[in-house]
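K.L.:
Here the protein sequences line up with chains A and B, keeping their order.
The first sequence lines up with residues 1 to 307 when you count with the numbering used here.
The second sequence lines up with residues 1 to 167 when you count with the numbering used here.
Relax, there's no trap hidden among the hints.
With a straight-line Cα cutoff of 20 angstroms, these simulated SDA-like cross-link-like pairs (lysine to any residue) come out:
(1) 105/A <-> 116/B
(2) 74/B <-> 65/A
(3) 80/A <-> 117/B
(4) 134/B <-> 73/B
(5) 81/B <-> 64/A
(6) 61/B <-> 39/B
(7) 108/A <-> 117/B
(8) 68/A <-> 71/B
(9) 125/B <-> 98/A
(10) 52/B <-> 67/A
(11) 74/B <-> 39/B
(12) 105/A <-> 52/B
(13) 68/A <-> 77/B
(14) 105/A <-> 124/B
(15) 79/A <-> 103/A
(16) 83/B <-> 62/A
(17) 68/A <-> 50/B
(18) 13/A <-> 60/A
These are computed hints drawn from the structure, not numbers from a lab.
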Amino acid sequence: MEALLKYFNQRLKNVFFLNKGLLDEALEIRIRINNPLLIKTLKKDLFPDRSTLITKRDIDEILGSLTKNSIHAYEDEIKKGYLTLEGGHRVGLGGDCIYDRDILKGFKNISSLNIRIAREFLGCSDKVLRYLIGPDKEIYNTLLVGPPLSGKTTLIRDIARNMSNGFKSPPFDGCDVTLIDERGEISAVYNGIPQMNIGIRTDVLSFCKKSDGFFMSIRALSPRLVICDELGSAQDFEIIQYALKSGVKIIATAHGFGIEDIKRNIYLKNIIDNNFFDRALILGKGPLRLKEVFDFQSKKVISNDMG
Amino acid sequence: MIWVKSALFTGTVITVRYIFSLINSDGDQKIDKMKEMIDFTEYLRVYSCDMKMSFEEIYQKYSFKSSETKKLVKLMHEFLKEKRSSQELLVYINKFMLTPDPFNMYFAEIIDYYGSAYSDLLNKKLNLALEEMKKSLDEYAARHNEIKALNNRISFLAGCLAAIIIV
Numbered sequence: 001m002e003a004l005l006k007y008f009n010q011r012l013k014n015v016f017f018l019n020k021g022l023l024d025e026a027l028e029i030r031i032r033i034n035n036p037l038l039i040k041t042l043k044k045d046l047f048p049d050r051s052t053l054i055t056k057r058d059i060d061e062i063l064g065s066l067t068k069n070s071i072h073a074y075e076d077e078i079k080k081g082y083l084t085l086e087g088g089h090r091v092g093l094g095g096d097c098i099y100d101r102d103i104l105k106g107f108k109n110i111s112s113l114n115i116r117i118a119r120e121f122l123g124c125s126d127k128v129l130r131y132l133i134g135p136d137k138e139i140y141n142t143l144l145v146g147p148p149l150s151g152k153t154t155l156i157r158d159i160a161r162n163m164s165n166g167f168k169s170p171p172f173d174g175c176d177v178t179l180i181d182e183r184g185e186i187s188a189v190y191n192g193i194p195q196m197n198i199g200i201r202t203d204v205l206s207f208c209k210k211s212d213g214f215f216m217s218i219r220a221l222s223p224r225l226v227i228c229d230e231l232g233s234a235q236d237f238e239i240i241q242y243a244l245k246s247g248v249k250i251i252a253t254a255h256g257f258g259i260e261d262i263k264r265n266i267y268l269k270n271i272i273d274n275n276f277f278d279r280a281l282i283l284g285k286g287p288l289r290l291k292e293v294f295d296f297q298s299k300k301v302i303s304n305d306m307g
Numbered sequence: 001m002i003w004v005k006s007a008l009f010t011g012t013v014i015t016v017r018y019i020f021s022l023i024n025s026d027g028d029q030k031i032d033k034m035k036e037m038i039d040f041t042e043y044l045r046v047y048s049c050d051m052k053m054s055f056e057e058i059y060q061k062y063s064f065k066s067s068e069t070k071k072l073v074k075l076m077h078e079f080l081k082e083k084r085s086s087q088e089l090l091v092y093i094n095k096f097m098l099t100p101d102p103f104n105m106y107f108a109e110i111i112d113y114y115g116s117a118y119s120d121l122l123n124k125k126l127n128l129a130l131e132e133m134k135k136s137l138d139e140y141a142a143r144h145n146e147i148k149a150l151n152n153r154i155s156f157l158a159g160c161l162a163a164i165i166i167v
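Start from the sequences and build out the full structure, keeping to the hints where you can.
P.N.:
Here is the structure:
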């Protein structure tokens, strides 16, 4: 985590130096203009120094080091509202948006930064693997559903690693996996190199549109399993149909609190109503808490957090 | 004796012409430096705006012809990091590149917008800077060529005059 300090200017570095161990607990570092530095941990929000207010210069200096003083080199990422750092950490941006004929071009005055610290929880998916594999070692098409900060990305990353490497319980030898990492978040790609362990049989298509990724991978990479993040757009119905027709299995995530909640998204409703997925793992509030497992074929909850 | 006088005469003419050529070469070196600064700015424009590379990457990739330009670009990178102004950089450029002031000003001003401009705006600004730098180079080169031609003529006459006096 100490590597993150290189992005801060001296004034803010001092705050961290005076509060040793702060970064080890941090999940998010929030830097907002005219406000004190806020560190979000698992337990609570911490303000290490309420007297040091963030200035415009602080944000400009941090942004300068995040973008290597070359904002143009990161403008494609900035258009999406975030930057990816070495180590897979992600910086969300807030400020005045600039539009060019209804298309977001970037930010004019960046007034807040949210550094989301990427952590790898190896083995966090071990408990859910039994819900992903059938008796004949068939992989279930599975949707991971959870609200923000429920650990969907962390979980799907570890699932990719396990499915790729194989595991003992239930016995599974591993298979070729294609990871379509639309936002570079699952594998935490930095300069083309995945920063996280995603398994020995995994091919990554990073910053690739799902539609392109599915077609490319099925034609050229011949995976048994395709893993992707955040379903819910208009084209998803078509690409999932194509993948299933091609005999490829899918594990994907979706934002939501449960099955009924995600059905409010018309595109996801279509996907669910057509039984494209076999199972859904519903995550609860709080990191990596499996609330229930829903089976679409039997239309029953086959496991819940009560056991 | 005549051989000594002839040798002295020829030697004096050559020495005077050599002194004048040294004066001319100073201007030639300035023109070479200006050309390299223009080449670097063009490279910076293409690799920043089309290839989306950072200043640091471009600095490492570019093969500099002169060590002074390399030092200047390194200094420019430091200034960018420290968010210092173009006026401060201008002082340094004037001091160790010795290129004309208006030319240096356009080069120094790059750091005022480089780190914070998106590629389409950066492209326009760098193109504008390039145009002005080229204009400044052309003006300087025209003036320098005139002086050079005049110096060449004077050098021979001055050499002969000095030789006659000495002999």
